[in-house]
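Participant: Single-letter residue listing:
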Amino acid sequence: MAITGLFLVSFLLVHVMGNIQLFYQDGGLAFNNYTKFMTTNPIIKTMEWVLFAGFVVHIIYAMLLTLQNNASRPVKYAYKGKNGGASWASRNMFITGSVMFIFLVVHLVMFWGTYKFGSGEATTIQNAYEQAWKVKDASGLASLDAELAHDIVKHKYIDYESYQEILKLGNPADMKAMGYSMYNLTLDSFRQLWIVILYVLAMVLLAFHLNHGFQSSFRSLGFVHDKYLPLIKGGGQVVTVVFPLLFAAMPVYFYIGSVIGKF
Amino acid sequence: MKLDSKVPAGPLAEKWDKHKFDLKLVNPSNKRKYHILVVGTGLAGASAAASLAELGYQVTTFNFQDSPRRAHSIAAQGGINAAKNYQNDGDSVYRLFYDTIKGGDYRGREANTYRLAQVSVNIIDQAVAQGVPFAREYGGYLANRSFGGAQVSRTFYARGQTGQQLLLGAYGALNRQIGLGNVNSLNRREILDVVLVDGKARGLIVKNLITGEMERYAGDAVLMCTGGYGNVYFLSTNAMNSNVTAAWRAHRRGAAFANPCYVQIHPTCIPVHGDYQSKLTLMSESLRNDGRVWVPRSQEMAEKLRSGQVKSKDIAEKDRYYYLEERYPSFGNLVPRDVASRNAKMVCDDGLSVIPDGEAVFLDFRDAIERLGKDVIESRYGNLFEMYQRITDEDPYSMPMKIFPAVHYTMGGLWVDYHLMTTIPGLYALGEANFSDHGANRLGASALMQGLADGYFVIPFTIGNYLADLGMKNKVTTDHEAFDKTEADVRAFNQRLLSVKGTRTVDDFHRELGKIIWNYCGMSRNKEGLEKAIGEIHKLREEFWKDVLVPGKEDEFNLELQKAWRVADYFELGETMVRDALQRNESCGCHLREEYQTEDNEAKRNDDDYAYVAAWEYKGEGQAPVMHKENLEFEFVELKTRSYK
Amino acid sequence: MAGKNLNLTLKIWRQNGPAAKGQMKEYKVSDISTEMSFLEMLDVLNERLVREGEDPIAFDHDCREGICGMCSLMINGLAHGPSRRTTTCQLHMRSFNDGDTIYIEPWRAKAFPVIKDLVVDRSAFDHIMHAGGYISVNTGNAQDANEMPISTQVADHAMDAAECIGCGACVASCKNASAMLFVSAKVAHLGHLPQGQPERMLRVQRMVRTMDEAGFGNCTNTGACEVQCPKGISIKNIAKMNADYLRASLISEVKG
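Protein chains in written order, with this note's numbering: chain A, 1 to 263; chain B, 1 to 645; chain C, 1 to 256.
None of these hints come from the bench; they were simulated from the model.
Certain hints may be false.
[What the hints assert, rightly or not] Among chain B residues calculated to face chain C with C-beta under 7 Å, some are:
hint, residue
1, MET240
2, ARG252
3, ARG253
4, GLY254
5, GLY274
6, SER278
7, GLY358
8, GLY535
9, HIS538
[What the hints assert, rightly or not] Stretches of chain C that chain A covers, calculated by requiring three or more beta carbons in the stretch to come under 8 Å of a beta carbon on chain A:
hint, segment
10, 69-77
11, 101-111
12, 165-179
13, 209-220
14, 227-235
15, 241-250
[Stated by the list, open to error] 27 Å max Cα-Cα, derived BS3-like pairs, lysine-lysine:
hint, chain 1, residue 1, chain 2, residue 2
16, C, LYS110, A, LYS82
17, B, LYS553, C, LYS175
18, B, LYS313, C, LYS4
All C-beta atoms in this analysis are idealised placements derived from N, C-alpha and C, irrespective of residue type, glycine included.
Chain A with its partners taken away, still in its complex shape (with noise of 0.2 Å):
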């Protein structure tokens, strides 16, 4: 649990640090940019296989653990309503663990799959380009090579150069607003409220979850020290506040600012 936690939380610092970019007043250049490397420089994508392989070995170990810790209680206590001194968090970590890989899912097949397998909905070139960006008349993106053409099918994202590329063929105006680009899917997704509130609800989740197992990671790593303990104990309540405050003040940012009118 302890290794992949903490390897999970180093992801958590990847992720929150490349989604920050969203928050640049560049269009998506650098964010766009960025996706791009993401998912095409192969020791990311080899490490998206181990960062799975993680996300497998901690929940299927979370459920191994609650079971067995279950088991060792047969007969539970007929008084309820204390919880002995341990704070909330530690205490339902399989909750909020749940409740995140629900959310997880969500997110996943928000925006990963949709980046990476496409909607599945176009089934000819001209339909997927109407799809894609949603006009009416696409015959001006005809002319694009066919390379760029089947990526825009096939993962519904291009990179900045083809966008850019694209955004001379077409109506400026309309393209801007609908190109589907991974920060404009971003952006579309976050105008809707009950996807922000989704996202803030499972980023509170997110808080305990990390309050509790980000310290109780070193503990059962076998790390304490008096001199080196606060250290921990501060990275933790970091950890615990900047991280799911920052993925937070993402969807609410796109909001507010759909709202007043910024994007």
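Following the hints, put chains B and C in place on chain A, whose structure we already have.
Facilitator: What follows is chains B and C alone, placed relative to chain A:
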């Protein structure tokens, strides 16, 4: 009954070493053919069982708690004495021996006591090797403190939990042997009888306290490491379940019971505060190192204090009677326990008690806190102060503790010879369960020392001598008719208890018996009271057997039956105690006969007529026991009047 | 010290034997002095039950001064009741108010089966100790006690861990019924000291294995054990044991 102490001849300092050489040995490869039954797993029992198993003997241990670790040795707070002389303050084996013999008011056996002092140094070595975390100085060397009755610092301690740590050390050694398969450890068992074959102890009838079943165990020797009998008083600092039954049943089978009237009343306990009270809590004697004992000087002032008109802190210095410091200038608050207790009773009898509905004196840390600071006091006694506050809801940092003596330790016990064998061959008694080393009063921090000395360093040598003579061929099994007969006796006894079906609970009788013994055979005794006590005990015992209410059945988990057989034994023991106190027409150590004291209320010994061990022989239910004497010969120390002035 | 008297409703677990089905049963007690200890309150109830011909409530207890570790009881969902650093035997009725309802339950854990009423079988703790809770030194082997200086800090840390009374409150309060605090206290006590070094790797492997076999749950560092421990044993010991265990499993060649 013949009492042969088997003390070896020769100079005191050489007796033990020479004797060890003279003892017969059992061949290492033959040791596993002998089976030793150890009753009780406190300091004496656990250390003996572990040491014997290490030697190769097969050992079975019995204890009534759910784990050997819970024996009441665990509650000893203050420390353990050893003649290490690490402090370079003039200590030596001889001085420890001398202090112990003198502290016991010259009623202990010289040779046993000297051996105790001799092996005391090995105990500390052994305990440290086991990982007992004794207190240390900054240099990393062992720290010592002084304890009542001694003028050197020879007490080793582990915070206020020395007994716990030493017991856990012995428990560890025992666990190792259990893990290796050399010891069979049986928990939640109580010994209800000793089985004799050809006059030798060959087995036990044991009650399984969970299932209620009667079990039989056969062996080549039996060690009684069952602690003291302080619970005869109902209220004592003993654990609730500490009892005399195993030792008493051995006594009924022929083991002499020595000096039962020597009961130590510990001076610093939390006072009694109600009829429902189940036990008394001791505050370590080490508190007297810094605390000053006092009461108001006048009855008038004491009355004002009790009625709440004045607070203790408002009582002026001149109105405070620091009675120990005034009466014993050189030892002050550190006089031995019997002296401290007796004086507390005396000032309370004089109407100076500091609590309204009972008896108590102050133990005041005001001056020590002023002199050393609260931090130092906290580091020394923090856990004790916490405990006091938890129980009494009063803060001892801001107001003096209220203390009063309580029954604590019993110097009397099964009579044993130099080998620790009782008058039944093959039956040994170790630790508090025997009588031998402390005379009429035990010095602080000596109980742990004796329990471990007997278990680690005496019995492993002496038992071989007996077993070598017994031989390997001579085996007894549990289907021997002696087991049938003994078990039948036990069953009949229990059946008698169950069939009374009276109206009064066992506790009710126990409480009343305790009061009789406390009132007449407690801190001070007199002929008239003791004679009265015998009558009252008889009367109450008769009523017990007519009116006791023991619900349930024999073969089940039956707490009340368990209490009932213990109390039935206390009735007999109580009577023997009173008879013992009555025959001893002198005051010595903890035994103060009001008729025999000096003008300033100090104990007056009579060495000409009473320098003997009174060993009682059981003569049957309802029969008066018969006393035998073992004359104490003091070859090496001169009998003096104890003075702590 | 003058106290007042309480009237209370007790809900107590009654179970006739290990295989019997148990249930919470209600008892009313009146005129309970606030100066009484919790167990004295149960004594009073038991004496009444005996007089009324009912089976008295079985509960473990012995020293009644907070050191033997025999007493237990989950009182209103808290091991050893509401007072911190207190065993049930030292809990006083002044911690309760008139009219209170008090739930009294046995320790609950698969490794601590109920024997009768509030009495549970804690022999699993002993078995863990048999596996390695000691330093292997035969009587008579020891060198002079001062041959090996040990710094006060090390001795203090060892003593902090050694104060464990083996009552099982840690297991009872842990949501996972884990025995890690108990085991780690012994591992840390002996692991701190120079005398404990030769067997350090062996000890931790054996004790942890025996602990797992006994059916205790896994530690998730919730910290309830530390809060409920009547002796205030620190969960730092658990981390220390984890370190030793990892070292023993991954680096050391000693096989436990």
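Participant: Hint by hint, say whether it matches the structure.
Facilitator: Results of checking the hints against the structure:
A least Cβ separation of about 6 Å between B/MET240 and chain C falls short of the 7 Å threshold, and the interface hint therefore holds. Hint status for B/ARG252 relative to chain C: violated, with the closest Cβ pair at about 25 Å, above 7 Å. The beta carbon of B/ARG253 comes no nearer than 27 Å to any beta carbon in chain C, farther than 7 Å, and the hint placing it at the interface is violated. Because the beta carbon of B/GLY254 sits about 30 Å from the nearest beta carbon in chain C, more than 7 Å, this interface hint is broken.
Among the interface hints, the one on B/GLY274 holds; its C-beta lies about 6 Å from the nearest C-beta in chain C, closer than the 7 Å criterion. The interface hint given for B/SER278 is met, as the beta carbon of that residue sits about 5 Å from the closest beta carbon of chain C, less than 7 Å. The interface hint given for B/GLY358 is broken, as the beta carbon of that residue sits about 10 Å from the closest beta carbon of chain C, more than 7 Å. Because the beta carbon of B/GLY535 sits about 27 Å from the nearest beta carbon in chain C, more than 7 Å, this interface hint is broken.
With a least beta-carbon distance of about 25 Å to chain C, the hint placing B/HIS538 at the interface is violated under the 7 Å criterion. Only residues whose C-beta sits within less than 8 Å of a C-beta in chain A count toward coverage, and the segment 69-77 of chain C has 3 of them, enough to reach three; the restraint holds. With 6 residues having a Cβ less than 8 Å from any Cβ of chain A, the segment 101-111 of chain C passes the three-residue criterion, so the hint holds. Judged by the Cβ-Cβ criterion of 8 Å, the segment 165-179 of chain C is covered by chain A as claimed, because 6 of its residues qualify and three suffice.
Closer than 8 Å: that is the beta-carbon criterion, and the segment 209-220 of chain C has 6 residues meeting it against chain A, so the requirement of 3 holds. Under a criterion of three residues with beta carbons nearer than 8 Å to beta carbons of chain A, the stated coverage of the segment 227-235 of chain C is upheld, 3 such residues being counted. Figure legend: the segment 241-250 of chain C, annotated as covered by chain A; annotation consistent (7 residues with Cβ-Cβ distances under 8 Å, at least 3 required). With a C-alpha separation of about 20 Å, the suggested pairing of C/LYS110 with A/LYS82 holds against the 27 Å cut-off.
For the proposed pair B/LYS553 and C/LYS175, the alpha carbon gap of about 38 Å is over 27 Å, so the pair is violated. Among the hinted pairs, B/LYS313 with C/LYS4 is consistent with the structure: their alpha-carbon atoms are about 26 Å apart, no more than 27 Å.
The structure does not agree with the numbered hints 2, 3, 4, 7, 8, 9 and 17 stated previously, though it agrees with the rest.
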